[in-house]
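Engineer: Can you build the whole structure from these sequences, using the hints too?
The sequence shown begins at 13 in the numbering used here and counts up one residue at a time.
Hints are computed from structural coordinates only; laboratory data are not their basis. For glycine and all other residues, C-beta sits at the position ideal for the given N, C-alpha and C. Fair warning: there could be bad hints in the mix.
Listed below are the simulated DSS-like cross-link pairs for lysine-lysine, each with C-alpha atoms no more than 30 angstroms apart in a straight line [claimed, not checked]:
hint: 1; residue 1: Lys119; residue 2: Lys150
hint: 2; residue 1: Lys152; residue 2: Lys119
hint: 3; residue 1: Lys150; residue 2: Lys117
hint: 4; residue 1: Lys152; residue 2: Lys117
With beta-carbon atoms standing in for the labels, derived distance ranges [what the hints assert, rightly or not]:
hint: 5; residue 1: Gly153; residue 2: Gly120; range: 25 to 35 angstroms
hint: 6; residue 1: Leu141; residue 2: Gly121; range: 15 to 25 angstroms
hint: 7; residue 1: Ala123; residue 2: Gly160; range: 10 to 20 angstroms
hint: 8; residue 1: Asp115; residue 2: Phe151; range: 12 to 22 angstroms
hint: 9; residue 1: Phe118; residue 2: Lys150; range: 16 to 26 angstroms
hint: 10; residue 1: Pro122; residue 2: Val95; range: 11 to 21 angstroms
hint: 11; residue 1: Asp128; residue 2: Asn106; range: 16 to 26 angstroms
hint: 12; residue 1: Val95; residue 2: Asp135; range: 17 to 27 angstroms
hint: 13; residue 1: Leu108; residue 2: Lys152; range: 24 to 34 angstroms
hint: 14; residue 1: Asp135; residue 2: Ile114; range: 17 to 27 angstroms
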Amino acid sequence: MKNKLLISALIFLITLPLVSSIADSRAGEQIKWQVISGGGQKGSSTSFVLSGSVGQTAVGTGNSTGYGLNSGFWQNFEFQSFVCGDVNSDGLVNILDIIFLIDYKFKGGPAPSILDSADVNNDSLVNILDIIYLIDYKFKGGPAPNCG
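Structural biologist: Structure, rendered in structure tokens:
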């Protein structure tokens, strides 16, 4: 029995730096998820504490020496601003955007990084009508792109 305990302690001491380096390499990592309801109980371990609530918005943080934990109705909204008609995202609306859109729609080229920038006629579709709209705008004095 003493030998098993000694071997276990030795294995623990040998692997401790490995486990510690793995934890350090993940420091600052975030796991995002949606919480529908909180439950009303408090859970804990040696590494973290998490509390929930019933009937109200449960937002808060839990901390320990090993973890920081956010709970509740957290939402990560991302907003991308763009210029309507700037399909290739170079900051200009010009013939290069028309070529980019033709390449995307008919030649298997890359999609615009912001697809909404290509819906210049604001019909919720990106198709040949948007190409014609851009051509009309750039070369025939047609209406400016209208992405909504």
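Engineer: For each hint given before, does the structure comply? Return the numbers of the non-compliant ones in rising order.
Structural biologist: Number 13 - this is the single hint that the structure violates.
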